[in-house]
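Colleague: Residue 163 is where the sequence shown starts when you use our numbering, and the numbers rise one by one after that.
Derived by calculation from the structure, the hints in this document are not laboratory data.
One or more of the hints may lead you astray.
[Said to hold, decoys possible] Derived lysine to any residue pairs resembling SDA-like cross-links, with alpha carbons at most 20 Å apart:
1. LYS277 <-> LEU200
2. LYS192 <-> LEU260
3. LYS192 <-> ASP281
4. LYS192 <-> PRO280
5. LYS277 <-> ASN193
6. LYS277 <-> PRO165
7. LYS192 <-> VAL290
8. LYS277 <-> GLU196
9. LYS277 <-> SER195
10. LYS277 <-> ALA207
11. LYS192 <-> SER282
12. LYS277 <-> SER199
13. LYS277 <-> HIS191
14. LYS277 <-> LEU197
15. LYS192 <-> CYS181
16. LYS277 <-> HIS206
17. LYS192 <-> VAL267
18. LYS277 <-> PRO203
19. LYS277 <-> ASN194
20. LYS192 <-> ARG286
21. LYS277 <-> VAL290
22. LYS192 <-> PHE293
23. LYS277 <-> VAL267
24. LYS277 <-> VAL287
25. LYS192 <-> LEU180
26. LYS277 <-> LEU187
[What the hints assert, rightly or not] Between beta-carbon pairs, the in silico distance windows are:
27. LEU271 <-> PHE170: 22 to 28 Å
28. ASN235 <-> ASN193: 46 to 52 Å
29. PHE247 <-> ALA300: 25 to 31 Å
30. ALA300 <-> HIS206: 20 to 26 Å
31. ALA234 <-> SER199: 43 to 49 Å
32. PRO203 <-> SER229: 30 to 36 Å
33. PHE275 <-> ILE164: 29 to 35 Å
34. VAL301 <-> SER195: 54 to 60 Å
This structure is a prediction, so every number in the text was calculated from the model and none was measured.
Ideal Cβ positions, reconstructed from N, Cα and C, are used throughout, including at glycine.
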Amino acid sequence: MIPEIGQFALIISLCLTLCLGCFGLLGAHKNNSELMSLVRPLTHAQFIFIMLAFVSLAYSFIVDDFSVLYIANNSHSELPNLFKFSAVWGAHEGSLLLWVLILSVWMVLVANFSKTLPDSFAARVLGVLGFLNFGFFAVYFNHL
163 MIPEIGQFAL
173 IISLCLTLCL
183 GCFGLLGAHK
193 NNSELMSLVR
203 PLTHAQFIFI
213 MLAFVSLAYS
223 FIVDDFSVLY
233 IANNSHSELP
243 NLFKFSAVWG
253 AHEGSLLLWV
263 LILSVWMVLV
273 ANFSKTLPDS
283 FAARVLGVLG
293 FLNFGFFAVY
303 FNHL
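Taking the hints into account, I'd like the entire structure generated from these sequences.
Modeller: Here it is as structure tokens:
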């Protein structure tokens, strides 16, 4: 059940990331304050769901859930827990998930510390970062 929750969280975060990119750039282009006001909450929501997916995968590695093909290919039941945790990002799909997580952390930092900047500028920055994260997601889902 935990891997399915993680997969569902990734799908939700993919949708949130696409909305973030579109709303941020379109809102800044049209100077639409309603769209630009959605950018920061979408950034936080995307981070929460990506973190949920990463934690789900890490938990599945720790408990040796070999029903997940990625874990079956990249883990062993006799590995120490530290090695199991580091195996989360040991292969291509996991390293892409880590990249998406790190980029979402930076996006949350930008959202939190850009409140003194003009809304259109912050919306453009977060919109571009959202599309960049969407690109990483596209590569990630292409390898599943």
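Colleague: Does each hint hold? Answer for all of them.
Modeller: Structure-based check of all given hints:
About 14 Å separates the Cα atoms of LYS277 and LEU200, which keeps this hinted pair within 20 Å; it holds. Under the criterion of a C-alpha separation no larger than 20 Å, the hint pairing LYS192 with LEU260 is inconsistent with the structure, at around 33 Å. Under the criterion of a C-alpha separation no larger than 20 Å, the hint pairing LYS192 with ASP281 is consistent with the structure, at around 12 Å. Among the hinted pairs, LYS192 with PRO280 is consistent with the structure: their alpha-carbon atoms are about 14 Å apart, no more than 20 Å.
For the suggested pair LYS277 and ASN193, the alpha carbons sit about 17 Å apart, so the restraint of at most 20 Å is met. Straight-line distance between C-alpha atoms of LYS277 and PRO165 comes to about 36 Å, which puts the hinted pair past the 20 Å bound. As the CA atoms of LYS192 and VAL290 are separated by approximately 16 Å, the hinted pair is consistent with the 20 Å bound. For the hint linking LYS277 to GLU196, the alpha-carbon distance of about 16 Å falls within 20 Å, and the restraint holds.
A distance of roughly 14 Å separates the Cα atoms of LYS277 and SER195; the hinted pair therefore holds under the 20 Å criterion. Restraint check for LYS277 and ALA207: the C-alpha separation of about 18 Å stays at or below 20 Å, so the hint holds. About 9 Å separates the Cα atoms of LYS192 and SER282, which keeps this hinted pair within 20 Å; it holds. In summary, the hint linking LYS277 to SER199 is supported, as the alpha carbons are separated by about 11 Å, within the 20 Å threshold.
The suggested pairing of LYS277 with HIS191 holds, with an alpha-carbon distance near 19 Å, which does not exceed 20 Å. Distance check on the hinted pair: LYS277 and LEU197 sit about 16 Å apart at the alpha-carbon level, within 20 Å; holds. Distance restraint check for LYS192 and CYS181: the Cα-Cα separation of roughly 16 Å lies within the 20 Å cut-off, and the hinted pair is therefore satisfied. At roughly 14 Å between alpha-carbon atoms, LYS277 and HIS206 fall within 20 Å of each other, so this suggested pair holds.
Between the alpha carbons of LYS192 and VAL267 the distance comes to roughly 27 Å, so the proposed pair goes past 20 Å and is violated. For a cut-off of 20 Å, the pair hint linking LYS277 to PRO203 stands: about 13 Å separates their Cα positions. Simply put, LYS277 and ASN194 have alpha-carbon atoms about 17 Å apart, close enough for the 20 Å limit, and the pair holds. With a CA separation close to 11 Å, the supplied pair LYS192 and ARG286 stays within the 20 Å bound.
Restraint check: the Cα-Cα separation between LYS277 and VAL290 comes to about 17 Å, which is no more than 20 Å; the hinted pair holds. Between the alpha carbons of LYS192 and PHE293 the distance comes to roughly 18 Å, so the proposed pair stays at or under 20 Å and holds. The straight-line distance between the Cα atoms of LYS277 and VAL267 is roughly 17 Å, inside the 20 Å bound, and the hint therefore holds. Taking the CA atoms of LYS277 and VAL287, the gap is near 12 Å; set against the 20 Å cutoff, the hint holds.
Only pairs whose Cα atoms come within 20 Å are accepted, and LYS192 paired with LEU180 is accepted, the gap being roughly 18 Å. Pair hint LYS277 plus LEU187 holds up; C-alpha atoms about 17 Å apart against a cutoff of 20 Å. Distance hint check for LEU271 and PHE170: the Cβ-Cβ separation is about 26 Å, which falls inside the suggested range of 22 to 28 Å. Distance hint for ASN235 and ASN193: a CB-CB separation of about 49 Å, consistent with the stated range 46 to 52 Å.
Remark: the range hint 25 to 31 Å for PHE247 to ALA300 is upheld by a beta-carbon distance near 26 Å. Between ALA300 and HIS206 the Cβ separation comes to about 22 Å, which falls inside the hinted range of 20 to 26 Å. For ALA234 paired with SER199, a C-beta distance near 44 Å keeps the hint of 43 to 49 Å intact. Look at PRO203 against SER229: about 34 Å separates their beta carbons, and that is inside 30 to 36 Å.
For PHE275 paired with ILE164, a C-beta distance near 33 Å keeps the hint of 29 to 35 Å intact. Evaluation of the 54 to 60 Å hint for VAL301 and SER195 yields a failure: the beta carbon distance comes to about 33 Å.
Figure legend: structure checked against the earlier numbered hints; hints not met, in rising order: 2, 6, 17 and 34.
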